[in-house]
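Colleague: Positions 1 to 501 (my numbering) are the ones given, in order, by the sequence shown.
A few of these clues could be false.
Stated by the list, open to error - In silico DSSO-like cross-links for lysine-lysine, where the CA-CA straight-line distance does not exceed 27 Å:
| no. | residue 1 | residue 2 |
| --- | --- | --- |
| 1 | K136 | K264 |
| 2 | K228 | K143 |
| 3 | K461 | K252 |
| 4 | K252 | K480 |
| 5 | K252 | K231 |
| 6 | K496 | K470 |
| 7 | K56 | K24 |
| 8 | K474 | K74 |
| 9 | K496 | K363 |
| 10 | K458 | K496 |
| 11 | K319 | K62 |
| 12 | K470 | K228 |
| 13 | K461 | K474 |
| 14 | K474 | K458 |
| 15 | K461 | K496 |
| 16 | K98 | K363 |
| 17 | K444 | K363 |
| 18 | K143 | K178 |
| 19 | K474 | K363 |
| 20 | K252 | K143 |
| 21 | K458 | K470 |
| 22 | K178 | K136 |
| 23 | K18 | K113 |
| 24 | K90 | K28 |
| 25 | K143 | K9 |
What the hints contain is simulated information worked out from the structure, not anything from laboratory work.
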Amino acid sequence: MSLKSFVAKIFAFVVRRKLYADHKIAAKLQEELLTSLIRDSSATTFGRDHGFSDIKNYEEYKSMVPVREYEDLKPYIELIKNGTPNVLWKGIPLYLSKTSGTTSGSKYIPITKESIDNHLNGARNALLCYIGETGKVDFVDGKMIFLQGSPELEQANGIQIGRLSGIVAHHVPNYLLKNRMPSYGVNCIDDWESKVEAIAEETLHEDMRLISGIPPWVQMYFEMLLNKSGKEKISDIFPNFSLLVYGGVNFKPYRRLIDTIIGKPVDAIEVYPASEGFIAFQDLQKGEGMLLNVNAGIFFEFVRTDQFNEERYERIALKDVELDVNYVLVVSSNAGLWAYNLGDTVKFTSLAPYRIIVSGRIKHFTSAFGEHVIAEEVEGAINQVASELNLDIAEFHVAPLVNAVEGELPRHQWYIEMNSTPKDLDEVAKKLDTYMQHRNAYYKDLRVGNILQELEIKLLKENAFQAYMKSIGKLGGQNKLPRLANDRLIADVLEKYLIVS
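Input sequences plus hints: build the corresponding full structure.
Modeller: Printed below as a string of structure tokens:
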């Protein structure tokens with residue numbers, strides 16, 4: 001065992017024990033954190049606007065600070081971009097993380113001197129928990145790759161601006177620099193397809209042991225490696241590859257195909273990073289859920305999704321959450337975010353310690369007919385069908401067809417890219433429809449009541465979703481495709497990628 005491996009094992013033991021100790025007093029830590037956040041920001045523009053100096057507890061905080069989305073914070077962000085200090089947090093932020101918004105254009109999320117450690121330690125702790133649980137540490141002695149955005153940063157009024165993954169790339173600890181790939185020059189390539197090709201070329205003959213990225217882009221990288229090498233499996237190229245770190249989308253639809261491409265069992269760790277903070281990470285190989293980052297500068301609030309669109313809804317703190325309830329996730333943090341709606345929905349799988357799964361996006365749903373279908377339901381149904389019928393699903397998108405042709409009922413249309421065409425597409429559609437009825441009572445009522453007809457599957461050509469993402473300028477990086485929508489903005493474009501029989 002190398003010195004680095006030995007030290008990693010000791011560090012893993014210490015950090016893991018501390019994380020679980022924090023969870024035993026999580027409610028208290030969260031309460032203390034909110035108090036300190038308010039105190040430290042009482043003299044900021046936002047703090048004065050919202051009476052922070054008069055707030056004494058969580059109930060008063062809720063009454064003074066409403067839940068916000070980016071557009072509500074934008075006037076404050078614009079002040080920050082212009083170089084104004086003490087706006088949302090003391091001083092000016094170190095960075096503005098630039099993200100792609102669906103309705104607001106680009107968003108700029110502050111990362112402060114106090115909040116940067118949250119982003120760095122979250123990924124570190126995920127790996128340390130894995131080492132602490134499994135004892136597997138050999139990956140630290142080989143090469144590691146992080147498929148991410150460019151580390152090149154702009155600068156405006158003393159603040160550096162760039163993608164989150166690019167910002168984090170500047171803070172990789174020295175002990176990992178020799179192991180980390182790709183090289184800085186390759187990482188700066190802007191065109192994603194050219195970048196993946198260059199990464200494949202650069203890493204083809206390296207001892208890759210850890211690979212990290214969003215599943216569709218990991219798959220793209222693997223396929224590029226196989227094309228360049230002429231090998232059949234990734235394990236033939238990287239025999240010591242042992243750990244996959246992923247986040248951003250539900251991995252289950254990709255798991256079967258990626259396992260096949262790899263050619264051997266490989267452990268995986270799910271992480272939940274966002275520009276707003278590193279929210280959670282998988283701490284156990286067995287069991288479901290990611291450990292919530294309860295002591296890392298982020299105060300969490302939760303709103304039941306079935307109440308969120310009502311005029312009045314209840315906000316609750318961590319101590320009052322329940323298992324298996326869909327919540328909208330709201331955060332306040334030492335980055336200067338206050339009651340900020342991330343847009344994600346989560347469910348708790350454990351309360352001791354607190355573990356969550358991401359169940360979808362509050363704005364990504366299908367309810368053109370009152371069915372209230374969410375991502376968790378469509379992903380669960382397609383995973384079940386894929387497992388039963390031995391299907392390799394590359395990607396999919398669900399949209400409503402409201403204006404059906406005369407004589408037909410409206411329905412859901414599933415745009416699916418598969419790696420092989422099933423023998424009986426009707427069987428796939430029937431099973432999907434049945435499982436959707438099992439998972440969503442509203443959908444079942446609409447089907448039984450002959451308001452909707454059976455869902456329709458529309459098969460797409462190979463790499464159709466990559467082509468679509470490229471066409472809208474969102475190929476690669478941290479960009480993710482919405483798996484369902486309440487309109488046909490994506491579906492109508494996907495029509496041009498259909499397989500015509």
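Colleague: Are the hints correct? Go through all of them and say.
Modeller: Structure-based check of each hint:
1. K136 x K264: holds, 17 Å
2. K228 x K143: holds, 19 Å
3. K461 x K252: holds, 21 Å
4. K252 x K480: Within the cut-off at roughly 15 Å; holds.
5. K252 x K231: holds, 25 Å
6. K496 x K470: holds, 14 Å
7. K56 x K24: The given pair, whose Cα atoms are some 24 Å apart, holds under the 27 Å limit.
8. K474 x K74: Since the Cα atoms of K474 and K74 sit roughly 23 Å apart, the hinted pair holds (cutoff 27 Å).
9. K496 x K363: holds, 25 Å
10. K458 x K496: holds, 11 Å
11. K319 x K62: holds, 15 Å
12. K470 x K228: holds, 22 Å
13. K461 x K474: holds, 19 Å
14. K474 x K458: Holds, at roughly 23 Å.
15. K461 x K496: holds, 9 Å
16. K98 x K363: Status holds; Cα separation ~20 Å.
17. K444 x K363: holds, 22 Å
18. K143 x K178: holds, 8 Å
19. K474 x K363: holds, 19 Å
20. K252 x K143: Answer holds: K252 to K143 is near 26 Å, not above 27 Å.
21. K458 x K470: holds, 21 Å
22. K178 x K136: Since the Cα atoms of K178 and K136 sit roughly 20 Å apart, the hinted pair holds (cutoff 27 Å).
23. K18 x K113: Holds: K18 and K113 sit about 23 Å apart, inside 27 Å.
24. K90 x K28: holds, 25 Å
25. K143 x K9: It holds: about 18 Å lies between the C-alpha atoms, which stays within 27 Å.
The structure fails none of the hints (numbered hints given earlier).
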